[in-house]
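Chemist: Spelled out from the first residue to the last, the chains are:
2 protein chains.
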Amino acid sequence: MGRVVVDVMLKPEILDPQGRAVQGALGRLGLAGVADVRQGKQFIIDLDGELDDERWALLERLAGELLSNPVIEDYRIRRDQDGQ
Amino acid sequence: MGRVVVDVMLKPEILDPQGRAVQGALGRLGLAGVADVRQGKQFIIDLDGELDDERWALLERLAGELLSNPVIEDYRIRRDQDGQ
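As they're listed, the protein sequences go chains A and B.
Using the numbering used here, the first residue of the first sequence is number 21, and each one after it goes up by one.
Using the numbering used here, the first residue of the second sequence is number 21, and each one after it goes up by one.
Source of the hints: derived by calculation from the structure; they are not laboratory data.
There's no promise every hint is true.
The list makes no distinction among identical chains, and a pair is therefore deemed to hold if it is satisfied within one copy or across any two copies.
[What the hints assert, rightly or not] Simulated crosslink set (EDC-like; lysine to aspartate or glutamate; CA at most 16 Å straight-line):
(1) 61 / 94
(2) 31 / 56
(3) 31 / 94
(4) 31 / 93
This one's a predicted model, so the numbers in the text were calculated from it and none came from an experiment.
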């Protein structure tokens with residue numbers, strides 16, 4: 021069984037009001053010097069069987085089309101070797 | 021400047037309807053053998069100045085109390101060395 025992790029984050033030029041709210045809250049709760057906070061999504065996908073090149077290519081396409089919105093979001097996909 | 025990444029995920033025993041919906045969609049779009057999908061949140065926190073032990077301890081506490089709901093969620097916090 022393999023595990024794949026997809027991180028989806030708003031593109032840098034897109035305003036992130038959730039991240040901004042968290043940034044403000046961290047400051048009010050005593051953490052000084054928070055320059056920026058961005059909030060994104062993370063998908064942990066567990067797969068049965070071999071993760072061959074074909075499945076990987078399909079997963080990568082779906083990460084860009086299903087799991088993220090290419091107009092406003094970037095994604096990063098990686099195999100998670102140690103299950104962390 | 022340092023970067024800290026906090027991943028927040030529903031505890032394994034908590035039902036994850038969003039993850040379940042993604043699992044179904046991946047299957048319908050041709051990806052066979054998806055055993056499980058969990059959807060969580062990711063916070064990328066950029067900090068000015070030195071990230072000493074005191075600030076790290078505060079960040080860790082806030083990750084558990086502000087960024088995640090300890091009743092239903094687990095969090096993982098890490099320094100991000102290469103900015104990835």
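Chemist: Decide, hint by hint, whether the structure agrees.
Modeler: Results for each hint:
1. 61 / 94: Classified as both: same-chain Cα gap 11 Å, cross-chain 15 Å, threshold 16 Å.
2. 31 / 56: Within one copy, since 14 Å is at most 16 Å while 27 Å is not.
3. 31 / 94: So residue 31 and residue 94 pass the 16 Å test inside one copy only (6 Å; across, 26 Å).
4. 31 / 93: within (5 Å within a copy, 26 Å between copies)
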